[in-house]
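> Fit chain H to the supplied structure of chain A, relying on the hints for placement.
Residue numbers (our numbering), protein chains in the order written: chain A, 1 to 92; chain H, 1 to 145.
No wet-lab data here; the hints were simulated from the structure. Values in this document were obtained by computation on a predicted structure and should not be read as measured data. Please note that the accuracy of each hint is not assured.
[As the list claims (entries may be wrong)] What follows is a list of derived Cβ distance ranges for each label pair:
id, chain 1, residue 1, chain 2, residue 2, range
1, H, Pro101, A, Met1, 42 to 50 Å
2, A, Ala2, H, Thr95, 46 to 54 Å
3, A, Asp16, H, Thr7, 47 to 55 Å
4, A, Lys55, H, Tyr24, 26 to 34 Å
5, A, Asp24, H, Ser80, 22 to 30 Å
6, H, Tyr24, A, Glu64, 40 to 48 Å
7, A, Ala2, H, Ala77, 44 to 52 Å
8, H, Arg73, A, Leu69, 17 to 25 Å
9, H, Val125, A, Thr4, 37 to 45 Å
[Claimed, not checked] Here are the simulated SDA-like cross-link-like pairs (lysine to any residue), alpha carbons at most 25 Å apart as the crow flies:
id, chain 1, residue 1, chain 2, residue 2
10, H, Lys69, A, Ser37
11, A, Lys43, H, Leu72
12, A, Lys75, A, Gly51
Even for Gly, the Cβ is constructed at its ideal location relative to N, Cα and C.
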Amino acid sequence: MAVTISIPTVLRTQTDGQANVEVDGATVGAVFDEVISRFPGLKANLVGDDGGLHKFVNVFVDDEDIRYLDGLDTKLDDGASIAILPAVAGGA
Amino acid sequence: MIAVGVTTLRLTRHQHAVMVGHCYDGLPDEACGLLLGPMIGGVATGVITDTRPCVNADASARTYTVAPKDMLRAMRAAESAGVEIVGVWHSHTHTTAYPSPTDVRQAVDPGWIYPIVSLRDGAPVMRAYRIVAEVITEVPIEIVA
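One chain only, chain A, in its complex shape:
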């Protein structure tokens, strides 16, 4: 099933400047595998050392944070919208 992934500006250097990428996949993990196979430079930003979701990235499926769903196993409906967003943080 086809879903759309929105890419934040900081990662568009890895996607030939594309802001939205359409891929097929039944789960978030499957979609990540697909998009990483097309744009290998994304891997270091999406996947942590343990193979799970990178800690400095937030992923939403249709406005729900996948950390509160089933993580990378979250199932996708056809036409789902996936947003990849960098964690924005700092401190004095």
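Chain H in isolation, oriented as in the chain A frame:
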């Protein structure tokens, strides 16, 4: 890859007031918010179309994390307006308006502008920066009508 730098951050009086006001509202914790505007070649132009106060998910006087839901809302708003998220501002409650080592290490996007509002002294002090490959460059702020 990084295009020419932003020469000046241009804020309206209202935008400036929203940013500083949100920092006071957040006391005693640090406050944070996102800036929307156009980019050229992946770099903020310095023109700001929207200032969006966000929740500090850390609820801390020492650190901030923009609440992920606020980040999502800002991204959607940017998409609707045909602009981008071009920066994040935050407060330093007890230090100067200069990026901390944590700010530098965690700077998310080399194309963004990073305003910091110091509330250490009697009057608020706002200064803004680019942070590219851990190198800090100040961006002058111009208040426009």
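> With reference to the structure, classify each hint as holding or not holding.
To see whether the hints hold, each was checked on the structure:
1. H:Pro101 with A:Met1: 42 to 50 Å: At roughly 44 Å between Cβ atoms, Met1 of chain A and Pro101 of chain H fall inside 42 to 50 Å, so the hint holds.
2. A:Ala2 with H:Thr95: 46 to 54 Å: holds, 49 Å
3. A:Asp16 with H:Thr7: 47 to 55 Å: For Asp16 of chain A and Thr7 of chain H the Cβ distance comes to about 28 Å; the hint is violated.
4. A:Lys55 with H:Tyr24: 26 to 34 Å: Given about 31 Å between the Cβ atoms, the range holds.
5. A:Asp24 with H:Ser80: 22 to 30 Å: holds, 27 Å
6. H:Tyr24 with A:Glu64: 40 to 48 Å: Roughly 33 Å apart at Cβ, these two residues miss the hinted range, so it is violated.
7. A:Ala2 with H:Ala77: 44 to 52 Å: violated, 25 Å
8. H:Arg73 with A:Leu69: 17 to 25 Å: Given a distance of about 18 Å, which is inside 17 to 25 Å, the answer is holds.
9. H:Val125 with A:Thr4: 37 to 45 Å: holds, 42 Å
10. H:Lys69 with A:Ser37: violated, 28 Å
11. A:Lys43 with H:Leu72: holds, 21 Å
12. A:Lys75 with A:Gly51: Given pair Lys75 of chain A, Gly51 of chain A holds - Cα atoms ~18 Å apart, limit 25 Å.
When each numbered hint is compared with the structure, violations occur for hints 3, 6, 7, 10.
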